Amino acid sequence: MGIGKYIVAGVFGAAMLAGGINAALAESKGKIYYLVPTLLDEFQTGSVDAITKFMADVGYETVSLDAQNRTDLQQSQMNDVINLKPKAVVLAAVDFEAMKPGIEKARAAGIPVMIFDRQITSTPSDFTSVAGTVEIGEVAADRIEKLLKDKKGSVSGKVLQILGDPGDPYTLDIQKGFEAKMKAFPDVTIITQPALQWEASKAGDIASDQLLVNPDIDLIFVHAAHLAVPVAAILEARGKKPGEVMLVSSNGAPVGLDLIRKGWEQVEVEQPLFAQAAALAMFADKVVNKEKIEPGVYDVLGLKSTLTIEPWGPNLKIPGAAIDKTNVDNPTFWGNAKPPATPIAPVK
Amino acid sequence: MSAYSPSAEPWLAIGTKRRAVAEFALDNLVWLVFVAAFALFSATIPNFFQLPILLNILEQSTFIGILAVGLTLVVISGEMDLSIESTMALSAMAAALLFGSNGAGLGLSLEPGFLNAVVAIAVSLAIGAVVGGVNAYLVVGWQINSFIVTLASFLWVRGVVVALSGGRSVYGMPDEIRWVAVKSFLGLPMLAWVTAGVFVVFSVILLKTPFGRHLVMVGGNPIAAYRAGIRVRRLMMTVFVLSGMIAGLAGYLLAARTSGATANLGTGMLFEVFAAVVIGGVSLKGGVGRLSGVIAGVLLLSSISTAINVMGMPPHFTQIIRGGLVLAAILLDTMKTSIRRQLA
Chain P
1 MGIGKYIVAG VFGAAMLAGG INAALAESKG KIYYLVPTLL DEFQTGSVDA ITKFMADVGY
61 ETVSLDAQNR TDLQQSQMND VINLKPKAVV LAAVDFEAMK PGIEKARAAG IPVMIFDRQI
121 TSTPSDFTSV AGTVEIGEVA ADRIEKLLKD KKGSVSGKVL QILGDPGDPY TLDIQKGFEA
181 KMKAFPDVTI ITQPALQWEA SKAGDIASDQ LLVNPDIDLI FVHAAHLAVP VAAILEARGK
241 KPGEVMLVSS NGAPVGLDLI RKGWEQVEVE QPLFAQAAAL AMFADKVVNK EKIEPGVYDV
301 LGLKSTLTIE PWGPNLKIPG AAIDKTNVDN PTFWGNAKPP ATPIAPVK
Chain F
349 MSAYSPSAEP WLAIGTKRRA VAEFALDNLV WLVFVAAFAL FSATIPNFFQ LPILLNILEQ
409 STFIGILAVG LTLVVISGEM DLSIESTMAL SAMAAALLFG SNGAGLGLSL EPGFLNAVVA
469 IAVSLAIGAV VGGVNAYLVV GWQINSFIVT LASFLWVRGV VVALSGGRSV YGMPDEIRWV
529 AVKSFLGLPM LAWVTAGVFV VFSVILLKTP FGRHLVMVGG NPIAAYRAGI RVRRLMMTVF
589 VLSGMIAGLA GYLLAARTSG ATANLGTGML FEVFAAVVIG GVSLKGGVGR LSGVIAGVLL
649 LSSISTAINV MGMPPHFTQI IRGGLVLAAI LLDTMKTSIR RQLA
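From first to last, the protein sequence lines are chains P and F.
According to my numbering, the stretch in the first sequence is residues 1 to 348, in order.
According to my numbering, the stretch in the second sequence is residues 349 to 692, in order.
In short, the hints are calculated from the structure, not lab data.
Warning: the hint list may mix true and false statements.
[What the hints assert, rightly or not] The following label-pair restraints were derived from C-beta to C-beta distances:
| id | chain 1 | residue 1 | chain 2 | residue 2 | range |
| --- | --- | --- | --- | --- | --- |
| 1 | P | 145 | F | 548 | 18 to 28 Å |
| 2 | P | 70 | F | 493 | 21 to 31 Å |
| 3 | P | 145 | F | 391 | 52 to 62 Å |
| 4 | P | 345 | F | 504 | 38 to 48 Å |
Keep in mind it's a predicted model, so treat the numbers as computed, not measured.
Just so you know, even glycine gets a beta-carbon here, dropped at the ideal spot from N, CA and C.
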């Protein structure tokens with residue numbers, strides 16, 4: 001009898017759950033597929049949760065497919081998804097240009113394509129929500145310029161730039177934005193090395209070797225917060241104090257903010273993950289229903305974001321913030337893991 | 349006058365000496381290549397030739413080196429283990445998730461403090477043993493090809509890393525765990541001492557113990573070994589479990605060095621481990637190989653990585669250079685086999 005009541009409770013609970021799920025599905029406006037490039041990166045795994053939550057706020061069910069950083073797999077996923085006739089596809093491309101045929105095929109089949117984070121300009125899409133990878137490099141350059149000036153009295157010195165995988169256009173865009181801005185400061189020497197496959201221990205090895213042959217390195221700029229972790233570990237192992245060799249990172253992952261709090265990192269250039277994902281949800285109805293999207297300035301989770309109509313379609317650019325110790329606890333930064341409590345409302 | 353007449357003996361003696369020198373050179377060709385490569389890098393790359401760089405090479409050899417020991421045991425026995433990279437990553441992530449204080453870490457702290465390290469090592473070894481045990485059960489028990497089984501393990505174990513961590517990073521390992529990655533002893537990094545210890549222990553096991561001798565016999569001819577009374581199944585299961593545990597140890601050390609773990613930690617190391625084992629003279633057919641050659645292979649690859657890190661080449665050419673240098677090392681080893689055949 002004792003165990004019987006648990007069985008009954010379990011069955012009842014399962015029935016409630018099933019009913020709840022059915023009710024939710026009955027209210028759903030349909031399925032949206034999110035093609036995520038990899039789940040080995042904190043930004044990407046965070047994007048899955050954020051997009052799923054915000055799309056649910058506006059009534060869509062989201063299914064995510066992981067491309068494991070393989071272009072061929074993502075192309076195959078796009079082909080499969082087209083056959084499933086979803087309401088829309090959200091794409092964060094492994095290789096920006098390689099997905100062009102897939103995007104065109106989806107749109108030709110009447111399935112709108114929304115681009116998330118990794119801007120594709122070679123073919124039209126129905127909506128793009130980006131912070132701008134080149135802009136991330138530019139923001140980093142601005143803050144590095146200030147850090148060097150504060151430390152040395154002028155914008156001069158040596159910077160070690162640790163890229164992600166050199167085959168990834170994302171890191172190459174950040175490099176492009178960063179180096180274009182730093183060209184104005186010829187007294188800054190930039191040493192660039194890639195951490196192959198974005199693997200963290202390789203970033204540590206690069207830092208370890210470079211600090212030996214270039215002991216006068218003033219600042220290390222890494223293209224993702226998870227690369228900053230082993231770099232900070234190496235600095236600590238080499239007897240450096242926090243801030244002795246400055247560290248700047250990008251993407252805004254929780255570990256980056258933790259490093260700022262501990263003093264090892266000075267600036268984290270945030271990709272506004274929550275805002276980028278929320279923007280997709282805000283415009284999802286317009287995209288799915290093929291309504292006109294008006295250019296202008298939109299408030300996306302408190303960030304003034306500019307929507308322009310580009311050759312590749314409606315493009316919403318959301319400003320990324322430079323996080324330092326003065327604003328590191330701001331709850332709007334996705335690295336503080338506090339998604340907005342207020343449900344996202346569609347743009348009318 | 350025949351070749352065996354007294355006046356011919358001095359010529360034979362010289363020929364024997366030359367043969368001995370040639371054999372010695374061939375047996376230690378990888379070491380010669382390593383020394384030559386190091387000399388070349390020192391001569392051509394500014395600031396390369398300094399003691400701290402050599403110590404860096406030793407320190408960074410740790411993970412490939414320790415993984416190569418486990419893989420060497422498996423390959424000598426005639427099998428394959430592709431899961432070592434993922435096993436190392438899972439062990440690192442497990443230790444980091446338990447003891448890391450930031451990110452996804454739980455921040456577990458035990459008293460007295462040294463227990464943090466002891467438990468972390470135990471967890472890492474246990475995870476390695478479990479993965480190795482699964483591989484052993486499927487390969488030995490179910491007679492499934494080891495390449496297939498361990499390839500599947502390579503995938504599902506990495507999947508467990510992603511699932512456990514949720515793709516999140518962990519940072520902030522306690523000092524007791526970081527100790528091995530930070531401290532030096534007699535001027536050498538502790539990591540180098542650990543690596544040397546692992547190599548010495550398993551070199552002795554391979555050369556001096558019945559287990560080691562049986563391993564070579566099984567790799568050479570498992571049927572003959574079975575008929576000779578060697579318990580082949582038990583030996584093979586032990587080898588896979590050992591390989592897993594060695595990968596687990598490498599994972600613990602990696603978490604100590606990087607003061608945490610990320611979901612993609614160790615990605616790409618499998619290729620380097622295989623290259624080190626092949627360059628070190630271990631035959632992929634089984635039954636042939638020594639750890640002394642593998643050490644040289646590991647040091648050579650680590651030197652190449654360090655040289656690329658400091659030579660200042662444009663980053664887009666890094667992989668071409670790395671692959672090219674590894675290919676050159678493997679071609680030299682092939683040349684060695686060919687020369688040895690001619691000498692015979």
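Results for each hint:
no.	hint	result
1	P:145 to F:548: 18 to 28 Å	51 Å, violated
2	P:70 to F:493: 21 to 31 Å	24 Å, holds
3	P:145 to F:391: 52 to 62 Å	38 Å, violated
4	P:345 to F:504: 38 to 48 Å	41 Å, holds
Violated hints, in rising order: 1 and 3; the structure is consistent with all others.
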